[in-house]
Structures are given as C-alpha cells and as structure tokens.
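Undergrad: One letter stands for each residue in the lines below.
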Amino acid sequence: MSGAVSTPQTAPATADRAPSGVGARILRAQGLQIVFILAVIVVFFSALKPDAFLSVSNFRGIVVNTSILAVLGVGMTLVIVTGGIDLSVGSVLVFSGVVADKTMKALGGQGWGVAAVGLLVACACGLGWGVLNGVIIAKGKVPPLITTLGSLGMALGFSQIMTTGIDLRDVPDVLVNNIGFGNVFGQVPSLSVISLVVILLGYVVLHHTRFGLYTFAVGSNAEAGRRVGIGVDRHLIKVYALCGLLAGFAGMMNLSFFQSTTISGQSNTNLNVIAGVVIGGTSLFGGAGSIFGTVIGLLIPSTLQNGFVIIGVQSFWQQVVVGAVLIAAVFTDQRRRARSMAGATSRTHPLLRLRRGTPPQGEPR
Amino acid sequence: MTRHRYLAAGAAAMVLLTAACSSSNTASSSSSGGTKKNGPYKIAFVQGVAGDAFYITMQCAIQAEAKTVNATVNVQGPQKFDPTLQTPIVQSVVSTKPDALLIAPTDVSAMQQPIAQAQKAGIKVVLVDTTLKDPSVAVSAISSDNLGGGKAAFDAIKQLVPGGGKVLLVSVQPGISTTDDRAKGFQQAAAADSTFKDLGIQYDQDDPQKAAQIVSAALQKDPDIVGIFATNLFSAEGAATGIRQAGKQNQVKIVGFDAGPDQVKALKDGTVQALVAQQPGTIGKDGVDQAIASLKGDTVTANIKTEFTILTKDNIDSADGQAAVYKSSC
Numbered sequence: 001m002s003g004a005v006s007t008p009q010t011a012p013a014t015a016d017r018a019p020s021g022v023g024a025r026i027l028r029a030q031g032l033q034i035v036f037i038l039a040v041i042v043v044f045f046s047a048l049k050p051d052a053f054l055s056v057s058n059f060r061g062i063v064v065n066t067s068i069l070a071v072l073g074v075g076m077t078l079v080i081v082t083g084g085i086d087l088s089v090g091s092v093l094v095f096s097g098v099v100a101d102k103t104m105k106a107l108g109g110q111g112w113g114v115a116a117v118g119l120l121v122a123c124a125c126g127l128g129w130g131v132l133n134g135v136i137i138a139k140g141k142v143p144p145l146i147t148t149l150g151s152l153g154m155a156l157g158f159s160q161i162m163t164t165g166i167d168l169r170d171v172p173d174v175l176v177n178n179i180g181f182g183n184v185f186g187q188v189p190s191l192s193v194i195s196l197v198v199i200l201l202g203y204v205v206l207h208h209t210r211f212g213l214y215t216f217a218v219g220s221n222a223e224a225g226r227r228v229g230i231g232v233d234r235h236l237i238k239v240y241a242l243c244g245l246l247a248g249f250a251g252m253m254n255l256s257f258f259q260s261t262t263i264s265g266q267s268n269t270n271l272n273v274i275a276g277v278v279i280g281g282t283s284l285f286g287g288a289g290s291i292f293g294t295v296i297g298l299l300i301p302s303t304l305q306n307g308f309v310i311i312g313v314q315s316f317w318q319q320v321v322v323g324a325v326l327i328a329a330v331f332t333d334q335r336r337r338a339r340s341m342a343g344a345t346s347r348t349h350p351l352l353r354l355r356r357g358t359p360p361q362g363e364p365r
Numbered sequence: 001m002t003r004h005r006y007l008a009a010g011a012a013a014m015v016l017l018t019a020a021c022s023s024s025n026t027a028s029s030s031s032s033g034g035t036k037k038n039g040p041y042k043i044a045f046v047q048g049v050a051g052d053a054f055y056i057t058m059q060c061a062i063q064a065e066a067k068t069v070n071a072t073v074n075v076q077g078p079q080k081f082d083p084t085l086q087t088p089i090v091q092s093v094v095s096t097k098p099d100a101l102l103i104a105p106t107d108v109s110a111m112q113q114p115i116a117q118a119q120k121a122g123i124k125v126v127l128v129d130t131t132l133k134d135p136s137v138a139v140s141a142i143s144s145d146n147l148g149g150g151k152a153a154f155d156a157i158k159q160l161v162p163g164g165g166k167v168l169l170v171s172v173q174p175g176i177s178t179t180d181d182r183a184k185g186f187q188q189a190a191a192a193d194s195t196f197k198d199l200g201i202q203y204d205q206d207d208p209q210k211a212a213q214i215v216s217a218a219l220q221k222d223p224d225i226v227g228i229f230a231t232n233l234f235s236a237e238g239a240a241t242g243i244r245q246a247g248k249q250n251q252v253k254i255v256g257f258d259a260g261p262d263q264v265k266a267l268k269d270g271t272v273q274a275l276v277a278q279q280p281g282t283i284g285k286d287g288v289d290q291a292i293a294s295l296k297g298d299t300v301t302a303n304i305k306t307e308f309t310i311l312t313k314d315n316i317d318s319a320d321g322q323a324a325v326y327k328s329s330c
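So the protein sequences, as listed, match chains A and B.
Per our numbering, numbering of the first sequence is gapless, rising by one per residue and ending at 365.
Per our numbering, numbering of the second sequence is gapless, rising by one per residue and ending at 330.
Chain A extracted, bound-state conformation:
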C-alpha cells in the first residue's frame, strides 16, 4: 500500500520539492490519510447500519458505481500529474458512446462481433479527441483549461447534433448482460474487473515505466525536462491522447451499464473525476500524484452517497462532505508544497504554470 503512493525517487527536475526522503515520506503520509478517511467513513456507516451497509452486495454496489469513474480517473491522474487538466472527459465519453451506438446499430445491433467493433470505434473517438486536446495544448500553447473547456462543448454539441439530443439505446444484449450487469467468478461484477485491469495498467504505466517518469518530470518542471532531452510536447500529446482513449473506453462501459448514451447525465462527470483525483493526493500543480490515491479518492464520494441513502439522510449531504474533504486535500497539498519549497531559490508562480508547455518569454527553447 505504501509503495503505491510514490513519486519516483529518480525524477529529474525536482526544483519544487526535496528530491527524496522527506517529500516522499509526506506524500506517503497523505496517501495514508485518505485511506484513513475512507476507513472512518466505512466504520461510521457500519456502526449505524451494520446489516444494510456491511454486506457484500452493498460493497459490490459501491464498487460498481465507481468503476466507470475510476477508468476516467486513471487518465485524469496522468493529465493532472503533468500540471494540466482535462474537462472534456464526460463529453468525450458521451460522444464515443453515441458514435459507437450508431455504428453498432448500423452493423445489425447484436452479438459480440458488433460489440467489439463498437468498442474499437469508441476508443478511436476518445483517442481522436485526446490527440486533438494534446496537440492544441502542446503545439498551440493554449492553456489546458481552455482547450478542454472548448472540446467539452464541441464533443457534447456534436453528440447532440448526431442524436438531436435524444438518447440512443441500441446496445447489444451481450454487452448489457455480460459486461454491464454480468458477473465473473460468481459475484464479482465484470464492470469492476475491467476497471481494475485498467487501474493496474495505469499504475504500472505511471509508477514503473519511463513514460510515467517523464510524466512526473514534465509536471515538475517542463523546461528542465526539455533541457535533459525529453520531448515535452510529444509527451503531453501522448498523455492527453491516453486520457481521451480511456474516456472513449469508459463510454463503452457506460453504454453497457445504462443501455443509454446518457447525454445529459454526464455534465458533472469531469468535476467528479477531478475531485476524486485531487482528494487522492494528486497535486493540481503537477509533478506529484498516484493512481492508488485516485481510486480511494473516487471511492470516498461513492461510499458517502451510499451510506447517506442507507441511513436515510438526505443525499444532499454527500456534496457537503465531499466538498469539505476536497478542500482539506488541497490544503494538505499546499502545506506540503510550501514546506518542500522552503529554501529553494527560483520558482514559477503556480498560476503561470497553468500555461504548461509555454517557455517563459525571452528564454530559449
């Protein structure tokens, strides 16, 4: 568990923090803090309603309802580690679902073959939007916030144009019965198994590959990354492409689960995912984060909502508590940054860092 929350010790360009030891230990501590928060929440609801909350079927429900968000969370973690943001994931999910739905309907609408083509189409759509985001951010130097706000609107708009705003429901039965509501090994939901595979792959990629190392490096200090020979622009494009690809994949999961393209239901998905990632200890300023943290960070809102429904409290409270946890998480991150920054000589103002990829004026590229 402790190894899961990590910043590579070998990460180059660590002007923002202590290179090893202290920083890594505090990071690890925040990873434990959120596990602790989740544990407190679980214990709280278990104590109040042991029979209803503490059941396999209930935990199963919580996990299923977090599965799709977790897939988006993996991509979002990578993007936020680079110091960027992707607001378009919910819309890209809808767009991919719509195009996949239309394709599958055109191909006859039933069977595994059709479903496989649908999956490929959904992933391709997601990848397309991701590459577009990445190119505009890395090459066009448009801030990620604006780029993905733009693609959020475009992807949603195109989805509504293609469907005239009417949700499509042409999902092959095999997908709904085996993926959306199917189980493997008895009681384990297929949707969550798929999600777990994506999470594990994401974990390996971020924490154990050169790709992941570069991602941290770009997020810590893009200019330093450039000077040590990392193709920063290319890397950013790859990261956004991966985030888009995962949103497309999640679009297919969403279709299987809701049997509908849920066009109007995804307006807050991006913010929910970002909240989960940030609660999980990934720094909005880039350079630090973990996939494990994201998973826990996403489980907290789901568990709260489930618990409030079970104890019969208005589920509006979930927003209040999640909001508080979110602020606490960023507060912790800020304190950690302030502590590790103490003593360092030069730094970029955090707001300027939103313009990730833009070398400061007058400096050579």
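Hints in this document: simulated from the structure, not taken from any laboratory.
The model shown is predicted, which means the values in this text are computed figures rather than measured ones.
Honestly, I wouldn't trust all of these hints.
Said to hold, decoys possible - Mimicking DSS-like on lysine-lysine, the simulated pairs with C-alpha atoms at most 25 Å apart in a straight line are:
id : chain 1 : residue 1 : chain 2 : residue 2
1  : B       : Lys313    : B       : Lys327
2  : B       : Lys313    : B       : Lys248
3  : B       : Lys120    : B       : Lys133
4  : A       : Lys238    : A       : Lys141
5  : B       : Lys97     : B       : Lys158
6  : B       : Lys221    : B       : Lys248
7  : B       : Lys37     : B       : Lys296
8  : B       : Lys296    : B       : Lys313
9  : B       : Lys184    : B       : Lys158
10 : A       : Lys49     : B       : Lys97
11 : A       : Lys105    : B       : Lys158
12 : B       : Lys184    : B       : Lys221
13 : B       : Lys327    : B       : Lys268
14 : B       : Lys120    : A       : Lys49
15 : B       : Lys305    : B       : Lys67
16 : B       : Lys210    : A       : Lys49
17 : B       : Lys133    : A       : Lys102
18 : B       : Lys184    : A       : Lys49
Position chain B against the provided structure of chain A, taking the given hints into account.
TA: For chain B alone, kept in the frame of chain A given last:
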C-alpha cells in the same frame, strides 16, 4: 386524534411482539419475495428528483398513508432527474432491504436493470408517476393518464384561443414516459382539430434558458403562434421568458403542466394562462396501498391511472383549486 394514538400504540405493541417472535422469519420471507401478513412494513420511496413539489406532495401522501398501515418510509431522491444519479441510490436502497420500493424511474430503459435487481432481491416494486420499458418487474404501476393530460392541455388552449392557430410544444427530452405521453396526447388532439396547426415538439433538456431560446427562435420563424404547451415547469418558465423577450405576452397563451408553488405563482401573475394539475397525492396513496396489498398477498391492481384538474385564474382560489395545488412541505 386520541383514538389514532391508541391505535398507533396498540399497533406498535403488536409490532414489537411480532418482531420479537419472528425476527428471523421476516428476514427470510422478505428475501424470498413471499408475502408478509403483518407489519411493521419498511417502505422505500425513490423520487424522480429531490426537492420537487410534485414528489414532495407524493411523499407527504405516502408518509400519511404509511402511518395508517403500520409502515415506515425512507425517502431518497437524486439531485437531477437522471438515471446516472438515480441508479446508485436504488442500489443503496436495495441494500437496506425494504419490504417495498416505490419508485419514479428516471429513464424507461436505463432504470430497467437496477429496478429488476430490486425485484430479484425480493422487494415488491411499485412504479409511481413514470414507468419502465418492461413494467412486469413491478407489482403495480400508478401514474397520471398522461395521454389524457396532453388532451386536457389542448382543451385548455382551445378554451383560451377559440379561433385556433399555430401551437407549439416544449418538452424536456425524449425517453421520459410521462412527458412523451403528454406530448402525444396533445398532438393527437391537435391533429383532430383542423383549426389548429401543430408546429411540433422542441426539447429543452429541462433548462429554462434553452426553452426561452427555443421559443424566441420559434416566434421569429412563426410570429403568429397562439398557444404553447410546456410539458413541465422549467419548460413553461422558459417559454414565458421567450414570449416576454418577443413582446408577445398578449398573443401567446401558455398552458403548463403541474401545479407546484412556482407554477401557481406563474398562473396568478399571468405568465401562464392555464395549468394541468396531476394528482401526486393520490398516486402516492395508491402506491402504498398496492405495495401493502401485494405484501399481504391480496389482490393487486397492475395499472392505475389518475385524473387531472385544470386550473385557471378563475378557479385557483376555490377550495377545489387549492386542493389541487402541490405542497412544498408536508
């Protein structure tokens, strides 16, 4: 009042006794989907959206009726009328193992599986207000006769504009069984009357701003629209804004659906000229009765359609009119 208290106390004592004797029995019988002759019954009510006068009125009636049949009610609702938000709530509610689930599904197909899982867990499901693609998972489905409601809305426009003309429909989004039927009922009635020309349906995704844009654009295209049927509150509010922007308050009559405090205010202010009020209280009361009948093994009515009241400025302050208005708290 006192008599009720004695009854309640007696019932509670009986409940305690039965619970003490058969706590393990009840659990097994409810999970196998069998009958349960005696209370206390645990009822869960999942609204289509939280904080809406229609569902609050229904909730009040459900809670009142539950008291008389020795049942407790847990009420939950999503923050938006949306299946992606309602699904996790249904799953959580199923975990609390209620005897019966009264629910207003937010999507005919997306809510099918989650509700089917509740039924498989041995919970008696009653659909209130909205329905499902395959309503057979429920023991009973109770809703307004929405086709009739659409026709009633057309009749209201006809009353307001006897001479006929162009009429427009503003609805939320397709796939919601209730608003789809209201629209269908309205369009059938409009098609049958040659003095009226139906301009079709526009969808506003339950966004008043979008409804306003739609209506002002429609008035650009057809400046001689005489009536608009807005199938729910936000559509009506938006439509009224759109008409005001075009400066055609006197020409275009709006008929709204439902009679929450906001709609009633709109009617009194003159932004809306007529309201078609449903009877959410009756739906809720019938829902509880059907659920309990099913639990006791009595006869259950699979389909119940409730009536409408047409409200205008003339009858809104009468006793009947006031009874038809929805409540914002119990």
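Undergrad: Hint by hint, note whether the structure agrees.
TA: Cross-check of the supplied hints:
no., hint, verdict
1, B:Lys313 x B:Lys327, "19 Å, holds"
2, B:Lys313 x B:Lys248, "19 Å, holds"
3, B:Lys120 x B:Lys133, "17 Å, holds"
4, A:Lys238 x A:Lys141, "15 Å, holds"
5, B:Lys97 x B:Lys158, "49 Å, violated"
6, B:Lys221 x B:Lys248, "14 Å, holds"
7, B:Lys37 x B:Lys296, "5 Å, holds"
8, B:Lys296 x B:Lys313, "45 Å, violated"
9, B:Lys184 x B:Lys158, "17 Å, holds"
10, A:Lys49 x B:Lys97, "12 Å, holds"
11, A:Lys105 x B:Lys158, "42 Å, violated"
12, B:Lys184 x B:Lys221, "23 Å, holds"
13, B:Lys327 x B:Lys268, "17 Å, holds"
14, B:Lys120 x A:Lys49, "22 Å, holds"
15, B:Lys305 x B:Lys67, "24 Å, holds"
16, B:Lys210 x A:Lys49, "43 Å, violated"
17, B:Lys133 x A:Lys102, "21 Å, holds"
18, B:Lys184 x A:Lys49, "45 Å, violated"
Checked against the numbered hints above, the structure violates hints 5, 8, 11, 16, 18; every other hint is satisfied.
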